[in-house]
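J.: With the hints as your guide, set chain B onto chain A.
Read top to bottom, the protein sequences are chains A and B.
Here the working numbering is used: position 57 in the first sequence is 57, and no number is missing along the way.
Here the working numbering is used: position 303 in the second sequence is 1303, and no number is missing along the way.
Be a bit skeptical, because a hint or two may be false.
With a straight-line cut-off of 35 Å between C-alpha atoms, the simulated DSBU-like cross-links for lysine-lysine are [what the hints assert, rightly or not]: (1) B:LYS1317 <-> A:LYS92; (2) B:LYS1305 <-> A:LYS46; (3) A:LYS27 <-> B:LYS1305.
Every beta carbon over 12 Å from chain A, so not counted as near; a handful from chain B, in silico [unchecked claim]: (4) GLU1334; (5) GLU1341; (6) GLU1388; (7) ASP1584; (8) LYS1597.
DEER-style ranges, computed between Cβ atoms [unchecked claim]: (9) B:SER1290 <-> A:GLN48: 46 to 52 Å; (10) A:THR76 <-> B:ASP1020: 30 to 36 Å; (11) B:THR1380 <-> A:ARG74: 53 to 59 Å; (12) B:ASP1020 <-> A:ARG74: 31 to 37 Å.
In short, the hints are calculated from the structure, not lab data.
Glycine included, C-beta positions come from ideal geometry on N, C-alpha and C.
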Amino acid sequence: MAADPKMRFLVVDDFSTMRRIVRNLLKELGFTNVDEAEDGAIALQKLQAGGFEFVVTDWNMPNMDGLTLLQTIRSTPNLKHLPVLMITAEAKKENIIAAAQAGASGYIVKPFTAGTLSEKLTKIFEKMGKA
Amino acid sequence: MSDFSGMEDLLQDFLQEAHDLLSDVDNKLVDLEKTPDDRGLLNDIFRGFHTIKGGAGFLNATELVTLCHLTENLFDRLRNAELALSPELMDIIMAATQGVRDMFGELSQSVQPQSADPQVIGALQGALNGEVQAPVVLPVATMVDVPPNVPAAASTGAAGEPDWEMLHSAVSGAPASSSEVSSRSVPDLAEEPVVAPAAEQAGTALAAQPASPYGRRGGDRPAASTAAARRTEDRGRENTIRVDTARLDQVLNLSGEIGLTKNRLTSLRADILAGKNDPETLHALDQAVSQLDLLVSDLQNSVMKTRMQPIGRLFQKYPRIARDLARQLGKDVELVLAGEETEVDKTMIEDLADPLIHLIRNAVDHGVEMPNERQLSGKTVKSLVRLEARQEGDHIVLIIADDGRGMSAERIRAKAVEKGLISEEEANTLDERQSLNLIFLPGFSTKTQISDVSGRGVGMDVVKTNIQKLNGSIEIRSEPGKGSVFIISLPLTLAILPVLLVLLGDQPFALPLSLVREILPIEQSRIQEVGGKETLVVRGEVLPVISLARLLGWPLKKYPEYGVFMQTAERSFILGVDSFAGRDDAVIKSLEDFRPKGVAGVTTLSNGQIVLILDMKELLADIGQHPEVGSLRSLEFA
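Isolated chain B (complex conformation):
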């Protein structure tokens, strides 16, 4: 049952905006650790909590209001230099921020948040009370020049209706005499702030406890509510999107133009059907069609752009994650972001969140050395992890680079053999790049001791699978002693799939271009048999040759003339085909109820012909067990 019936829209808006605010606060907190006295930052963070509190009030999210209020008060003290920022205080603040985030999680399930961890609340109150040196002089004096009669009125302290009129006249010197002011009800101010009593409570027993244990991750909370637990499992995707109105206007404008062109075509059709075919009419038809062509591709672009979001929204969360993890491990790591303005399809941003977190954790946990180790090898104590995004042509490239110890191809091979993932012989045939790629095998983890951070051995293969689901690829470069770089390459959008059209006889098939590395002619004389399989040596790499006809179960009528050098997650190989029909940007239509094995979907060519888009992974699945399936050996020439 929703606690927010009638307010779902408001809740959605609030969550989306508040999430952004909190991410921003998180980043500023990381910056604040470097420059603890930056008043601008303190102000911004104060405002962040203040704004969230304001919105939460309207949702009656009392517990969220309380938590934000306390944190906000703490920042008020900090920015007025009444408190100094210490590492312990920072831990409390981080814990409070996590608390707020957890509450967002509960809210996103339409459940009113449970009260925050009492330890965090206690620590906040302790920090607000206990650690303040002298009792703070009423900040009134520091903020505004108060006319003498007002504090007198205020100090009587009786509760009651706020009397704006009285106060207003008191300070503005209008009618109402000062005696009246003090005798009448007190401006105890407005609609009772929900949290004031809690905040004002003097230091409790909790406040006396040492502060450091409150830090870290909200997941450690012993009394995590059921709602919070649910949240981690099935937090729904955001199903709304914020779009720059200028972009929507463009879409509107283009659809209007298309409407006009359509009208023009309708009238031309009538003319032509009526037998009119003079050069003028045909020229007009030609023009209208060309115009429609242009407009439709503009519209496609514009619509695609409405789905594009700056990747910075995703990146925002990471400095905080890296910082927390580094502290937990006793390392000194700075995550440097670049290219946050790069725009990526929204669904892709969501699907990238987990792989990127994993890669960053991996870099901090495995990539980067401990400070003493770094010193011994003459490096700076602080290590840098760089997270960068940029657009390269029709691809988005994401780079996660660390300046840590790098990866040794030798060790990775040894590990893979030890774990029984590959055989000794296989290991010996692998080059540097292939060896590094072994870390993407399921069950591979080089750390002997499993840490709760990233050593569960379920990570890298999932990362790779997730990236491939997005039609992307991931590549590793590493130099022992210098660091490692992970390079993720993604298509700009998932709506359009660039394909290579190959021909078997005159039947075209579409292959995802992202898997294609190159196209080469197959000369029968260069085919070599290795271990009973046809192979072709391409620049020193021995690649199996697999016939597409065979894969599809067609009779092999003639020897394939061309080979498509393809690379999937599991293997590299050459796919034998008869010929090519070019490349195309396919709009994938899925086959809803009927899905033959090995077919990812269909697309329509410009001439109206329907073409199957092949799912190479599925087609190849059988080959593992039956290597002869794709073999060229038993050629049946017609």
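With the rest of the complex left out, here is chain A:
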């Protein structure tokens, strides 16, 4: 993967076990610079503070869900370039469509392995490279 291993990730999920899983998977892929947020609202605060290069977010969360977070990121000038990978246990078409419409960079369904995550990330990095 051509991506910088120092790339700073923000993992957003209300379930701390899940944040740990994602963090571990990212670590397996060589990304160790990972911060966490419990919901969309907290994530947004952290993102506003700056320094993040990649967002991995769950969909279903209290306070602010992942879709709203994504929409907010896309409509905020200094954040809208951020790649956002949506993670959810939902494999319904309409959800994926909604994510795509809101401008998600990728979509991944739980449960997944480091391999799948790597594949999705690579695709996003490739696209970023082209842009």
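T.: For chain B alone, coordinates are given in the frame of chain A:
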């Protein structure tokens, strides 16, 4: 053999978090019964199952995923008002929740859960399919505004690699033309959801069955797996604890400070050993020691706090238990919680779980009347059971109160005599409070018919024993017709035992302060002999006087000057001692290999003296058979 080797940590984390989530869901379900249309609640419950499902997927707990998925789908329909909540549906949901809980039990044994009760699965699927009125229009339309070309692509329905790129470009209007979209593989979406096929299956024969029998407790499941059975017997304690990082930081900070103070002391010691003893050095020593004193007690407090957990985590489970039981008995009961934020030592929370369940069941089963009976006596049909926690000084007080029929001291006495637990004469000497306390005797149960709920007669004495193991006490107040109140009083922590130091000659002994009610001087002239025993009348109560020296097998050199009015589970009495040395917070050190009878442990006083902490219950055990053991009669004055 563990099904989770390499994933134990993950499993632990998952279980702890998922347990909390499920308890929360349980409570929301109880609320939902009151306000079935509350979308916020429906959403929260949906999210609960969804999150558990997500985590379970990573553990490959397929059966758990299936169950959560079906339940989650049901809540999706409910929150979109495509289904209405009926009591039957509620029963199915409750059964599913119990199923999830049972699976947690299996997981906690590191065993992959067996499939859920097929009846529950069938009922869920039935509810999802059979009972839905019109075939639901693809929810797509209701959720997002789909560009026209996408459904065309999706509807071809061939299985294949999900093609995010295609979909993305289709909806974002980027390159890829619409014809390309429909010709290429279909966004049948992502990594095949494990359960979709099961969920999508049309109504089965099971679905046609009436729904109500699926309710109730998971224990009733005919095909309970061995793992589930094992779980009820020896479910391990949680051996991890979640601590607010701020509290840990405080501990770290304090230990750092103590390190600095220790350095200061080391250097002062060197000075003093070198012969330096000017006022300045001594003053510095004094300061350093005082500081250390302060820091250590702060550290003790902070460490203790890391063990403290809000009792709400325990309370959470109870509304659901009360609700289920009330429905089973045909009663209408609401369990009201208060003081959930009260913090209690974690080990204590675990040990309180069973006694509290018992008391709540007792309140619902025995305390509260049937609705018609309540109406006849002019009460509201719905009865309230209140579960409250609060901190009072260095004690935690738990209150379980019901507004039911109350307890009659008369009836309890009669029952105890009938059961041969006490004699007629004994019964006659008991006052109201003592009579109520009879229900704590082993083998006491006022319900003639044994119910599977709380009438086994093994309950209340176990409750009392468990509370006493925690150095706590339990008290009953009851007013016939108005209701009963159980008041449990517990020390803040088990690590420190408040003791009363008494003296025999100049030998100190420590008595647990929780047993001490008061201290009084013993005037020999006021000692009365009743039935051959020395007694003292304290405010109308006739109490036996027992000499500590005698209990310990020491010769009685002089008449005890002071009496300690003590109350243990079995009895109240006055313990005769020579004098007092004050009270102390003892840190109990147990005597690992050597445990003399009647000694609970040892502690060290500030002057370095070692003191035995007495176990009154053990010391008194002999007295039942040999009342003369503690007697003052055969005084041997030296």
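J.: Indicate, hint by hint, whether the structure satisfies it.
T.: Now for the hints, and whether the structure bears them out:
For the suggested pair B:LYS1317 and A:LYS92, the alpha carbons sit about 33 Å apart, so the restraint of at most 35 Å is met. Simply put, B:LYS1305 and A:LYS46 have alpha-carbon atoms about 30 Å apart, close enough for the 35 Å limit, and the pair holds. Our distance criterion of 35 Å between C-alpha atoms is met by A:LYS27 and B:LYS1305, whose separation comes to about 33 Å. With a least beta-carbon separation of about 26 Å from chain A, B:GLU1334 lies farther than 12 Å from that chain, consistent with its non-interface assignment.
With a least CB separation of 20 Å from chain A, B:GLU1341 remains clear of the 12 Å interface cut-off, as annotated. Chain A leaves B:GLU1388 outside its interface by the beta-carbon criterion, the shortest separation being 28 Å against a cut-off of 12 Å. With a minimum CB-CB distance of about 42 Å to chain A, B:ASP1584 clears the 12 Å threshold, and the non-interface call stands. With a closest Cβ-Cβ approach of about 49 Å to chain A, B:LYS1597 is found to remain outside the 12 Å limit, as its non-interface label requires.
Taken as a hint, the range 46 to 52 Å holds for the pair B:SER1290 and A:GLN48, whose Cβ atoms sit roughly 47 Å apart. Here the CB-CB span from A:THR76 to B:ASP1020 is close to 33 Å, well matched to the stated 30 to 36 Å. Under the hint 53 to 59 Å, the C-beta atoms of B:THR1380 and A:ARG74, about 54 Å apart, fit the expected range. At about 33 Å, the CB distance of B:ASP1020 to A:ARG74 agrees with the hint of 31 to 37 Å.
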